[in-house]
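Peer 1: Chains as they are written, first to last, in this note's numbering: chain E, 204 to 408; chain R, 204 to 408; chain W, 132 to 352; chain Z, 132 to 352; chain A, 14 to 259.
Worth flagging that the hints you see were computed from the coordinates, not collected in a lab.
One or more of the hints may lead you astray.
The calculated lysine to aspartate or glutamate pairs, modelled on DMTMM-like cross-linking and capped at a C-alpha distance of 25 Å, are [unchecked claim]: (1) LYS218(Z) / GLU271(R); (2) LYS403(R) / GLU395(E); (3) LYS373(R) / GLU280(R); (4) LYS129(A) / ASP254(Z); (5) LYS243(E) / GLU376(R); (6) LYS403(R) / GLU370(E); (7) LYS241(E) / GLU211(R); (8) LYS373(R) / GLU218(E); (9) LYS372(E) / GLU370(R); (10) LYS219(R) / GLU234(R); (11) LYS248(A) / GLU395(E); (12) LYS272(R) / GLU207(Z); (13) LYS247(A) / GLU218(E).
Since we're looking at a predicted model, the values are computed, not measured.
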Amino acid sequence: MANKPLVEAKSIFFEKGGRRIFSSLTMVLNEHDIVIVKGKNGSGKTSFLKCLAGYYSIKKGDILWNGEKIFPVQEPEKIMLAWLGHHNAIKPSLTVRENLKFYADLWSTSQSDFYSSINYLSFSNYLEFPVSWLSAGEKRRLCLIRLMLNPAKVWFLDEPTTFLDVENKKIFEDVISKHVSNGGAVVCATHEELKVKNYKTLNLD
Amino acid sequence: MANKPLVEAKSIFFEKGGRRIFSSLTMVLNEHDIVIVKGKNGSGKTSFLKCLAGYYSIKKGDILWNGEKIFPVQEPEKIMLAWLGHHNAIKPSLTVRENLKFYADLWSTSQSDFYSSINYLSFSNYLEFPVSWLSAGEKRRLCLIRLMLNPAKVWFLDEPTTFLDVENKKIFEDVISKHVSNGGAVVCATHEELKVKNYKTLNLD
Amino acid sequence: MRNFFKLVLRDFKLVIKGSNETLAAIMFYVLAIIMFPLSSGTETDLLSKIAGGAIWMAALFSSLLSLDRMLRSDFEDGSLELMVLSKMSLESIILAKCLSHWLTNGLPLVVLSPILCIIIGLDFSYWWILLLTLLIGTPSLTLIGATPAALSCVIGKGGVITAMVMLPLMLPILILGAGAIEAEISGLGGIGHLYALSAILPISLLVAPFLAAKAVRLGWE
Amino acid sequence: MRNFFKLVLRDFKLVIKGSNETLAAIMFYVLAIIMFPLSSGTETDLLSKIAGGAIWMAALFSSLLSLDRMLRSDFEDGSLELMVLSKMSLESIILAKCLSHWLTNGLPLVVLSPILCIIIGLDFSYWWILLLTLLIGTPSLTLIGATPAALSCVIGKGGVITAMVMLPLMLPILILGAGAIEAEISGLGGIGHLYALSAILPISLLVAPFLAAKAVRLGWE
Amino acid sequence: MAGIFNFLASPSRFRRLSERLYPYTIFLMVLFLILGLWYGIYSSPPDYQQGETVRIMYVHVPAAWMAMMIYFSMTLMSIFSLVWRHPLADLLAKESAPIGAMFTLIALVTGSIWGKPTWGTWWVWDARLTSVLILFFIYLGHVALIKLFDDEEKGSKAAAILTIIGAINLPIIKFSVDWWNTLHQPASVMRLDGPSIHIDMMIPLIFMAFAFLFYYLSFLFINTQAELYKRRVKKIYLQNLMRKEK
Ligand code: HEM
Ligand SMILES: Nc1ncnc2c1ncn2[C@@H]1O[C@H](COP(=O)(O)OP(=O)(O)OP(=O)(O)O)[C@@H](O)[C@H]1O
Ligand SMILES: Nc1ncnc2c1ncn2[C@@H]1O[C@H](COP(=O)(O)OP(=O)(O)OP(=O)(O)O)[C@@H](O)[C@H]1O
Ligand SMILES: [Mg+2]
Ligand SMILES: [Mg+2]
Chain E
204 MANKPLVEAK SIFFEKGGRR IFSSLTMVLN EHDIVIVKGK NGSGKTSFLK
254 CLAGYYSIKK GDILWNGEKI FPVQEPEKIM LAWLGHHNAI KPSLTVRENL
304 KFYADLWSTS QSDFYSSINY LSFSNYLEFP VSWLSAGEKR RLCLIRLMLN
354 PAKVWFLDEP TTFLDVENKK IFEDVISKHV SNGGAVVCAT HEELKVKNYK
404 TLNLD
Chain R
204 MANKPLVEAK SIFFEKGGRR IFSSLTMVLN EHDIVIVKGK NGSGKTSFLK
254 CLAGYYSIKK GDILWNGEKI FPVQEPEKIM LAWLGHHNAI KPSLTVRENL
304 KFYADLWSTS QSDFYSSINY LSFSNYLEFP VSWLSAGEKR RLCLIRLMLN
354 PAKVWFLDEP TTFLDVENKK IFEDVISKHV SNGGAVVCAT HEELKVKNYK
404 TLNLD
Chain W
132 MRNFFKLVLR DFKLVIKGSN ETLAAIMFYV LAIIMFPLSS GTETDLLSKI
182 AGGAIWMAAL FSSLLSLDRM LRSDFEDGSL ELMVLSKMSL ESIILAKCLS
232 HWLTNGLPLV VLSPILCIII GLDFSYWWIL LLTLLIGTPS LTLIGATPAA
282 LSCVIGKGGV ITAMVMLPLM LPILILGAGA IEAEISGLGG IGHLYALSAI
332 LPISLLVAPF LAAKAVRLGW E
Chain Z
132 MRNFFKLVLR DFKLVIKGSN ETLAAIMFYV LAIIMFPLSS GTETDLLSKI
182 AGGAIWMAAL FSSLLSLDRM LRSDFEDGSL ELMVLSKMSL ESIILAKCLS
232 HWLTNGLPLV VLSPILCIII GLDFSYWWIL LLTLLIGTPS LTLIGATPAA
282 LSCVIGKGGV ITAMVMLPLM LPILILGAGA IEAEISGLGG IGHLYALSAI
332 LPISLLVAPF LAAKAVRLGW E
Chain A
14 MAGIFNFLAS PSRFRRLSER LYPYTIFLMV LFLILGLWYG IYSSPPDYQQ
64 GETVRIMYVH VPAAWMAMMI YFSMTLMSIF SLVWRHPLAD LLAKESAPIG
114 AMFTLIALVT GSIWGKPTWG TWWVWDARLT SVLILFFIYL GHVALIKLFD
164 DEEKGSKAAA ILTIIGAINL PIIKFSVDWW NTLHQPASVM RLDGPSIHID
214 MMIPLIFMAF AFLFYYLSFL FINTQAELYK RRVKKIYLQN LMRKEK
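Go ahead and model the full structure; you've got the sequences and the hints to work with.
Peer 2: Put into structure tokens, the structure is as follows:
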């Protein structure tokens, strides 16, 4: 059992609106793995992540989670997955604390993890601000904190570094390095060069 | 007259919700100029651009457009300005052509400019696609095309390269280089290193 | 189950926060009910004849206005995508949203009904049946409207379009609700209508979250 | 001026495109009118008494449902920010949006009015006054609603809240419009009401775009 | 049932089958139409109360049955489409809707025409009539909803979801005459204790019902084929676009 990869995509094929987006794509994600998905605009990075998570359904091939054919989106009780997409999924009219608290409750994050994540991104001064006051990069940092609250082993990140400045990009790299060193795994679609160790690249071009 | 800078900010001061965002900031933008606004997340890059354009009103200092104290937003008949912000401002339910055509009409862009801009970003195959089909980067490319349709001399760009892949970033650099060599001027807030010649940097930290 | 109520609470907070939707709903009801005498003249016997219908129409319109937004913001900003990756299924998320929608939209009407009775001049001896129909009927309105609301997020359009798709589905509830009151007043007895209404509620409770979840998933495709 | 019509055309296209809002508006009107007999019973003379009010209430509700979205998408996706940087002022942009809103929402009702007359049983000899009130009144509804619609974008909330703010402002139009018909039917003559309605239109035409533009600018701050 | 559906699940198989079948259904439709009209107009007696106007029944009643039957079958297909993800099921439901809407309209119009001499009015807001009108709007909503999507396949899936909710209206139509005291005739053919209608009227009624049924099937087959071809053309077009680009 322990040898089964966390996620495995076996020559999957996906089309949308009658257009082939990618075909015979294969990926294996084990613990401690970082897979960086590269490719031109429109090459299907977002689609690939969405297929793996189960938002989109593939036409051919197999996707196995812990060796089983289930999807996080369809059976969320069985598989936990952390997702960070193009949308921030934060409510502008709630405060930073309320936004984070909601997800912390949903995922039963402990109180101490909650505050340590916030401190990690030095966000404690912002806690009572409504999110609508934050700048684009600050919103994205909020998403990073939320990511750290998530107990899921597998993280799927779709261009997580948009709007982040150089310093926060570095923090982000630390965050994922820490996550994989704790036995987690990350799939990350991005156009930037990430300075993390031992990553595998999946090129979609 | 011709010696007046296109845009001039004289030690401006701006606060929002009682927080000082920046103070005594000065900038001069002449023809052929590229000013790259740098700064950490939340340092006020977006706010600065919005102040210059007139969306936000400053507390102290002066902003002069062609030596006069008017703003593009308030008197659009007098001053033309091209704006590309965090939002794409494209309608998902219209096709690419319809989206572009609308702005081309609004700005009275000529037919030939219209098609040459589209070809420049090799978008002609997408013309009849509804925008909702496009990927995040393709949407951003659409914004670049729209930028090229704009007859305005001054371009204000707020993190224009988000979601763009390496190749398109290069195209973007070409686009702004071409624009300034034709007598235009660009103010661009970004966290990335842009490979353009002779730019000035404005650091907000 | 704990998560379920957390979500209800968060939605509740989101709705109340800064904007006080419940208060808005209450004011809307009063205004909408006042519109009937304003637009149809003030003859009291005419008014009392249309009273049940008027209150029910107000309920329907307030559902139309608010359901469109029940799922939209969560759908558009990616919150739903994210929430479904917790231990809660999409179906229960939607059910929680329906509950908090009803708490802020349907329940105020139920609570308000005695006052509305007075405003529109419905004889107080028929208040019980108005109350009952509202109590059984408004949750069905919310539930039945959830699927078209989800679909309208998928289309990315709202307003009149959603209303057009929703209205025919909700009309049976309106007919039964208003019909019960009318039948009771005319002496025929509105119990039959009430039975039919009570049959619809459990069915929609079973079917609606399932179908609305299907619709949301369609939007993700 | 050419730009003005281009914007109207684009909005019109946006509205029609794939989504056929006008068709939706028409179906909505028919359904909303049908709701009155459905909920208030079938006595024809009762119906014809509330006929004018019913049609006017349908107009009001369709405005409530659609005005909320008139500016929202352009406000939220940054289109307004961009459009104002053309040779068109924000005021004329808003006026153009109001025009295209009326073309897809008010005008269908005016055109549909004879059919609605039949459905609701309004005597055909009063059709002219219904038509006149709608023709003068519905543009005012759109214009008066523009500012609250803009404000609701600024708050980032919609639905019932917007409706609650809009309703009191629109009620005078409803009272005058429905009143004109009622007065005409009762033999008192509805001309007085018509005059009042016609006075409101130019005033709101002058004031509304200006105020709504202020509201939008407030949202940019 | 599921077996038949599985067999038909492949679009191309269905297309071939329906291409073979539709001439027969058209033939049957014409045959039953001729028989039904002949019996209905010449060889059935006028009603002792209503006189000749009763002949409207031979259009009205089968049309009303079809209106409900088509919606019912659309509901079944929608459930199939959602539960077993049959690609064809929502396509069939989608192609059924306009036909169903047409039959509903026929039932409404003929009912109104019939109502004038018998009830003295074109229209009353009674439960049966109203619920049929709502059915008509649900059909229209179905058609409109599909048009709202960029992607027709997605649109027909959406419409399938909506169809199931709309199905609450069916029992209301069916039992409205029993639950409410209305002007409309209670059921006399489709009854649990057997029909209570004269055999001379029964025959043309049944013939016309079959004619309408085969009309439905013929056009369902033809329209579905057309739609399948259309989708193939679109797919090829998109793939060519992609190829040009690369
Ligand atoms: C617009 C008005 C009308 C509508 C919408 C309407 C609708 C319907 C419907 C849906 C049915 C099918 C009922 C079932 O199978 O249970 C039906 C059957 C029938 N209708 Fe109508 N109807 C209308 C007017 C009339 C009128 C004016 C008459 C004649 C007086 C009439 C006579 C009948 C009869 C005899 C049946 C057959 C009942 C049976 O044997 O099951 N209808 N109608
Ligand atoms: N209403 C408000 N009250 C207080 N502070 C505010 C308000 N609105 C914005 N701010 C603050 O203003 C600062 C500047 O925001 P701005 O969007 O200009 O930053 P930015 O440089 O564009 O950042 P980024 O790189 O993340 O896009 C942020 O720190 C934000 O928190
Ligand atoms: N309904 C559709 N019909 C046809 N093509 C579609 C449809 N939806 C998406 N596409 C295409 O699918 C391709 C892949 O999109 P995707 O979002 O996965 O790209 P991506 O690699 O994430 O790009 P980016 O780097 O820009 O985010 C795009 O070229 C897009 O045009
Ligand atoms: Mg992407
Ligand atoms: Mg910024």
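Peer 1: Each of the hints needs a verdict: does it hold here or not?
Peer 2: Right, here's what the structure says about each hint:
For the suggested pair LYS218(Z) and GLU271(R), the alpha carbons sit about 18 Å apart, so the restraint of at most 25 Å is met. Our distance criterion of 25 Å between C-alpha atoms is met by LYS403(R) and GLU395(E), whose separation comes to about 24 Å. For the hint pairing LYS373(R) with GLU280(R), the CA-to-CA distance comes to about 33 Å; that exceeds 25 Å, so the pair is violated. For the proposed pair LYS129(A) and ASP254(Z), the alpha carbon gap of about 19 Å is at most 25 Å, so the pair holds.
For a cut-off of 25 Å, the pair hint linking LYS243(E) to GLU376(R) stands: about 17 Å separates their Cα positions. Among the hinted pairs, LYS403(R) with GLU370(E) is consistent with the structure: their alpha-carbon atoms are about 22 Å apart, no more than 25 Å. Of the pairs offered as hints, the one joining LYS241(E) and GLU211(R) is violated, with about 41 Å between alpha carbons and a cut-off of 25 Å exceeded. Taken as a hint, the LYS373(R) and GLU218(E) pair is broken in the structure, with Cα atoms around 29 Å apart against an allowance of 25 Å.
Between LYS372(E) and GLU370(R) the alpha-carbon distance is near 21 Å, which keeps this suggested pair within the 25 Å criterion. For a cut-off of 25 Å, the pair hint linking LYS219(R) to GLU234(R) is broken: about 31 Å separates their Cα positions. Taking the CA atoms of LYS248(A) and GLU395(E), the gap is near 34 Å; set against the 25 Å cutoff, the hint is violated. About 29 Å separates the Cα atoms of LYS272(R) and GLU207(Z), which puts this hinted pair outside 25 Å; it is violated.
With a C-alpha separation of about 14 Å, the suggested pair LYS247(A) and GLU218(E) falls inside the 25 Å cut-off, and the hint holds.
In summary, the structure is inconsistent with hints 3, 7, 8, 10, 11 and 12 from the numbered list given earlier, while agreeing with the others.
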